[in-house]
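Asker: Single-letter residue listing:
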Amino acid sequence: MKFIKTILRGFFKPKPSPSKKFRLLFFLINFVLATAVVVTLHYTEDLVIFKEIKDTSLDWIMYWHSDFDPKPRIQRMALFEIDDKTYRRWDSPVITPRDKLKALIEAAKKGGANVIAVDIMLSWFSDGCLHQPNQTATCPPADASADKKLADYLHTINESEADETPIIILTRLYRPPLENGEVNDEAFLTKPPSFLDEVLKEEKNVFWASTFMVVDDDKMLRRWQLAPLVCQNNHLTVVPSMQLLAALAQLYATNNSTRQAAQVIRDFKTQWNQWASQFPCEPSQGTTLVQLCQHQACPQFTIELPKKARVSTQNHTVDLVGGRHTEKIIYRFAPPDNPAIMQRSLIDIKSAMNVLKEDVDVDNQIVLIGITHQESSDYHQVPIRAEEISGVYILANAIDTLLRFGQFKQQPFAKQVIVSAILIIITTLIFTYYDMAKASLFCSLLFGLLILLSMKAMHHGIEIDVALRLLTIQFTEFMLRFVGFWKFLQAKLS
Amino acid sequence: MRNKPKVKYALVPILAILVGCEPSNPPPEKESGDEPQMPIVPPSPHQSEAHALNCVPVAKIHKRDNINQISIWREGKTVGLASRLNKELCAGDKVIVPNTLDQVKIEYYSYPPKEVRLSAGDSYPVEALSDPCGVLCKLTENIKGLAEQLTTGEQEQLTVVADRGGDDDEDWPISMSLAAAQGPETPFYLFSRAGAIELFWAGKQPPYQLEVTDEPGKTIVQETVKTNWFSLTLPNTESNQRYSLRISKKGSNEVYQKPLLFAVPPFPLDPKADPYEMFATLLAADCGDNAQNWRLEIWRQLHHLLDSPKKESFKGHLVADDFDLSEVGLCD
Numbered sequence: 001m002k003f004i005k006t007i008l009r010g011f012f013k014p015k016p017s018p019s020k021k022f023r024l025l026f027f028l029i030n031f032v033l034a035t036a037v038v039v040t041l042h043y044t045e046d047l048v049i050f051k052e053i054k055d056t057s058l059d060w061i062m063y064w065h066s067d068f069d070p071k072p073r074i075q076r077m078a079l080f081e082i083d084d085k086t087y088r089r090w091d092s093p094v095i096t097p098r099d100k101l102k103a104l105i106e107a108a109k110k111g112g113a114n115v116i117a118v119d120i121m122l123s124w125f126s127d128g129c130l131h132q133p134n135q136t137a138t139c140p141p142a143d144a145s146a147d148k149k150l151a152d153y154l155h156t157i158n159e160s161e162a163d164e165t166p167i168i169i170l171t172r173l174y175r176p177p178l179e180n181g182e183v184n185d186e187a188f189l190t191k192p193p194s195f196l197d198e199v200l201k202e203e204k205n206v207f208w209a210s211t212f213m214v215v216d217d218d219k220m221l222r223r224w225q226l227a228p229l230v231c232q233n234n235h236l237t238v239v240p241s242m243q244l245l246a247a248l249a250q251l252y253a254t255n256n257s258t259r260q261a262a263q264v265i266r267d268f269k270t271q272w273n274q275w276a277s278q279f280p281c282e283p284s285q286g287t288t289l290v291q292l293c294q295h296q297a298c299p300q301f302t303i304e305l306p307k308k309a310r311v312s313t314q315n316h317t318v319d320l321v322g323g324r325h326t327e328k329i330i331y332r333f334a335p336p337d338n339p340a341i342m343q344r345s346l347i348d349i350k351s352a353m354n355v356l357k358e359d360v361d362v363d364n365q366i367v368l369i370g371i372t373h374q375e376s377s378d379y380h381q382v383p384i385r386a387e388e389i390s391g392v393y394i395l396a397n398a399i400d401t402l403l404r405f406g407q408f409k410q411q412p413f414a415k416q417v418i419v420s421a422i423l424i425i426i427t428t429l430i431f432t433y434y435d436m437a438k439a440s441l442f443c444s445l446l447f448g449l450l451i452l453l454s455m456k457a458m459h460h461g462i463e464i465d466v467a468l469r470l471l472t473i474q475f476t477e478f479m480l481r482f483v484g485f486w487k488f489l490q491a492k493l494s
Numbered sequence: 495m496r497n498k499p500k501v502k503y504a505l506v507p508i509l510a511i512l513v514g515c516e517p518s519n520p521p522p523e524k525e526s527g528d529e530p531q532m533p534i535v536p537p538s539p540h541q542s543e544a545h546a547l548n549c550v551p552v553a554k555i556h557k558r559d560n561i562n563q564i565s566i567w568r569e570g571k572t573v574g575l576a577s578r579l580n581k582e583l584c585a586g587d588k589v590i591v592p593n594t595l596d597q598v599k600i601e602y603y604s605y606p607p608k609e610v611r612l613s614a615g616d617s618y619p620v621e622a623l624s625d626p627c628g629v630l631c632k633l634t635e636n637i638k639g640l641a642e643q644l645t646t647g648e649q650e651q652l653t654v655v656a657d658r659g660g661d662d663d664e665d666w667p668i669s670m671s672l673a674a675a676q677g678p679e680t681p682f683y684l685f686s687r688a689g690a691i692e693l694f695w696a697g698k699q700p701p702y703q704l705e706v707t708d709e710p711g712k713t714i715v716q717e718t719v720k721t722n723w724f725s726l727t728l729p730n731t732e733s734n735q736r737y738s739l740r741i742s743k744k745g746s747n748e749v750y751q752k753p754l755l756f757a758v759p760p761f762p763l764d765p766k767a768d769p770y771e772m773f774a775t776l777l778a779a780d781c782g783d784n785a786q787n788w789r790l791e792i793w794r795q796l797h798h799l800l801d802s803p804k805k806e807s808f809k810g811h812l813v814a815d816d817f818d819l820s821e822v823g824l825c826d
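Chains as they are written, first to last, in the numbering used here: chain A, 1 to 494; chain B, 495 to 826.
Hints in this document: simulated from the structure, not taken from any laboratory.
Bear in mind the structure is a predicted one, so any value in this text is a computation, not a measurement.
Be aware that one or more of the hints could be misleading.
Interface residues of chain A toward chain B, partial, derived using beta-carbon atoms under 7 Å [claimed, not checked]: (1) TRP64; (2) GLN343; (3) SER345; (4) ASP363.
Sample of chain A residues lacking proximity to chain B, with all beta carbon distances greater than 12 Å (derived) [claimed, not checked]: (5) ASP67; (6) ASP91; (7) LYS148; (8) GLY286; (9) GLU304; (10) SER440.
Where a beta carbon is used, it is the ideal one built from N, C-alpha and C, also for glycine.
Construct the complete structure from the given sequences, taking the supplied hints into account.
Answerer: This is the structure we're talking about:
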C-alpha cells in the first residue's frame, strides 16, 4: 500500500517551477493558448483539412460502434437481393428482367410490406434503350410485354385506394445534359424519359425518388443528398431521396393502412415542386437547396418524422436545407468482411431467387429490392467495412439513420461552450503543472474519455467534436516545448 | 472491381476494455429427438398479445394461417401462442407445432439466411447465432490482418540482414533496422529469461566494438566482432533489468547506442495461438504515448520457428520496416 502511495505521489507531483510568479504566468499563457486554439478551430471547422479530420474521426468511432441492435429494438428492414446466385440463374441479364422485378414487388406486397423501395434504375426499356417520346429507339426491337406488364401493375397500385396498398418508391436515371457535344457537369441534372412515365403521370402511391450519393475524395461514401434539385422542362424540381420517402412512408403508415403516408408524401412533393418550378435551370443561383435558399425566399423545408412503436422511438425533425453535416449516414450494419458461421444479421436478407419460389413474411416492414451481385458496379467504400459494399446497403443505413436520429445533429451551442470551457481549463492545468510525458499521459486518458463520450453521443445522433481541439492543443504545447519556448521565457524574465 | 480486403482501423487495446465487448455465443448442442414434448397449454387472453422480448431475437415464425395454434416456450415456461405480433424467437426457445398444423417455417436472422421447416407435432429448440462482430472481434480481425500482411509479400530485403558489410556501408553510420528509426533513448523491449538475443546492424565496416553495460554502468559484455551480427547472452534478464547496448566501429568515437529493457509481455501469451498473430499484436504495442518496441524480441522469437515462407516474409518486413502501423489502422 505504502509502495503504491509512493508511486502515486511521485507520479502526480507537480512539475517543479522556480516561483509562483512563473507558474501563474505560464498558467495564463496556457489558458490563452488553449482558448485561442478552441476559438480558431471553431471558426475554421469548414476548412477542407478540418472537415477531413472530423470525417476520419467519425469514421473511426463509427467503425468501432457498428454492428449492434439499437435499444429499444426497432423493426428490421428486409432486403430482396439480386445476388450472384439469382443473377446467374437468370442468365446474367444486363437489365433486371421486368417480369422478375414485377414478381418481386408482388411478393413484397403479398408478404405485407408497408414500403417497397426499388433501388434499380427504371428508365430503360427491356431492349436496353431510353426511348425518347415520338422517336424510334436505335436498339433492336425486343419484346416489350414485360415492360408493359410491370407498368400496368405499377399503374394499378398507383391508382389503388385500398388501405393496405404499399407505398412504392422507384428511382431512375438522372444525368447532366449534353451541350454542344459535351457533357456539362456544371449544369443541373436532367431526367431522361422512363418506360413508366406514361402510367405514372400523377404520383399517388408510387413515387419517384433520387439516390444521389456524395463520394468524398478518399472514395468513401459518407453522405447522401436528402432532396436534390433536378431540371425538368427548363424548370427546377425537387426530387426527394429514396431514404427520405421510405422513412416518411413507414412512419406515417399504420399497421392497417398506408393512406396517411401516401397523402403526406403527395403533399410534400406538391408543395416543394410548386415552389421549385418557378425557377429556371440556372446554375449560377446555386445547384442545391441550401445554395438556392441563400438567394431566394424558401418555404419551410422541415419535415416532422413522428415516433412510431417498434420503428422509431422519438419524434424527429429533418431540415432539408441543414447542409452537409446533416446528411451524414451513420452506418450500423453491412455484410461482414469475414462472416462467422451462422452470424446474426441486422437486416432480413432474402435472395430474390428464393423470394420468387415461395411466400415471404415482411409484415409492415420496409422492403428494399436491390442488386448485390459481384458484377454490379454499384459497390462503394464505407467507414465500417474494409471491403466495398453494395449501394442498397448504403440506402438501408441511410433509412436507418433517419429512423433512429432523424438527422445527424451538431451539439447545441450552449453545450459546445460548456464542453470547450472544461477542455480549456483541464488542458491549461495539465500543461502548466506537469511535464510533457505526464501531460501526454493525462491527455491520452482524456482523449479516451472523449472518444467514449463521442460514441455515446453518436448513439443519439449527435456529433461531439472536441478530440480535434484536444489534439491541437497538445500538439501546440509539444511544439512550444520542443523549440524551448518556456525555458527561453523563463530566462528572459529572470 | 472490388477492393481487396485490408486491415482497417484499430484502437489502443484499453479502449476495447473500456467500451466492453459483444461476446459470441457458441451454438448450443442439438437436443436429442426423443425428448418428451411439452404439453400445449391454452393461452390466457393477454398471452396472445405482443410480448416485449427481453432477449435478443434470432429468428421468427413465418406468418401463416392459424399461426396462433403454435406455442412458444421460453426458459421452461410458455410465453403463449404465436401471433402476428408475437412471432419472434430467442435462442433456446422451444417452438411446439400442434398435430393439426403442418409446414411451419422458422426463419433465422442469420447471415447467410437459414430456414427450418417443422412438421405437425414437432418440438423445435431454437438455435443460437453468433453475434455480429463487436469491438474485441474487430480488434482480433485487425491483428490477424496485420499478421497476414506481414507474412506475405516480397522477401528481397532479407539480403541486408547478415552480411559482412560492403564498401557502401563505410559512409553510413551504424544503425539497427529493428529500431524503426527511433532515438537512442527508446529501448528495445524483451521478454525475461528467453535465451540469447540475436543482434544485427548495418553501417560502417568490421571490426566492431560491442559493449553492454548494466544500469549502474558496469560492463557486462565487451567484444570485438568481425561480422555485423552477434548472439548476445546476458546474465540477468529478470523483469525491469535495463542494459545499455553500444556498438561502434573499432577505434571510432561514433557510437550507436540503444537501451535493452526486460519486461513482462504486454498481454498474456497463449502458447497455442498463431505466433504471427502474437507478433502482430506485439508490433501494435508500438503506438501512442506508451509505445513499446518489441521488434527485437519478435526477431528472437522468429529464430525459434521452423523455416517457412511466412517466417521469411515476416523477417523481411521487420527488417525493411515497410509497414505503417497507422496505415493499417493500428496507431489511430
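Asker: Look at each hint and say if it fits the structure.
Answerer: Quick rundown of the hints versus the structure:
1. This hint holds: A:TRP64 has a C-beta 6 Å from the nearest C-beta of chain B, less than the 7 Å allowed.
2. Residue-level restraint check for A:GLN343 holds (minimum Cβ-Cβ distance to chain B is 5 Å; threshold 7 Å).
3. Because the closest C-beta pair between A:SER345 and chain B is about 4 Å apart, less than 7 Å, the hint holds.
4. Among the interface hints, the one on A:ASP363 holds; its C-beta lies about 6 Å from the nearest C-beta in chain B, closer than the 7 Å criterion.
5. Here A:ASP67 does not stay apart from chain B, with its beta-carbon only about 4 Å from theirs, under the 12 Å limit.
6. For A:ASP91, the non-interface assignment is confirmed: its Cβ lies about 22 Å from the closest Cβ of chain B, beyond the 12 Å cut-off.
7. Distance to chain B confirms A:LYS148 as a non-interface residue, since its nearest Cβ pair spans about 32 Å, more than 12 Å.
8. At roughly 35 Å from the closest C-beta of chain B, the C-beta of A:GLY286 stays outside 12 Å, upholding its exclusion from the interface.
9. Residue-level check passed: A:GLU304 sits 26 Å from the nearest beta carbon of chain B, beyond 12 Å.
10. Annotated as non-interface, A:SER440 brings its C-beta within 12 Å of a C-beta of chain B; the closest such distance is 4 Å.
Comparing the model with each numbered hint stated earlier shows that hints 5, 10 do not hold.
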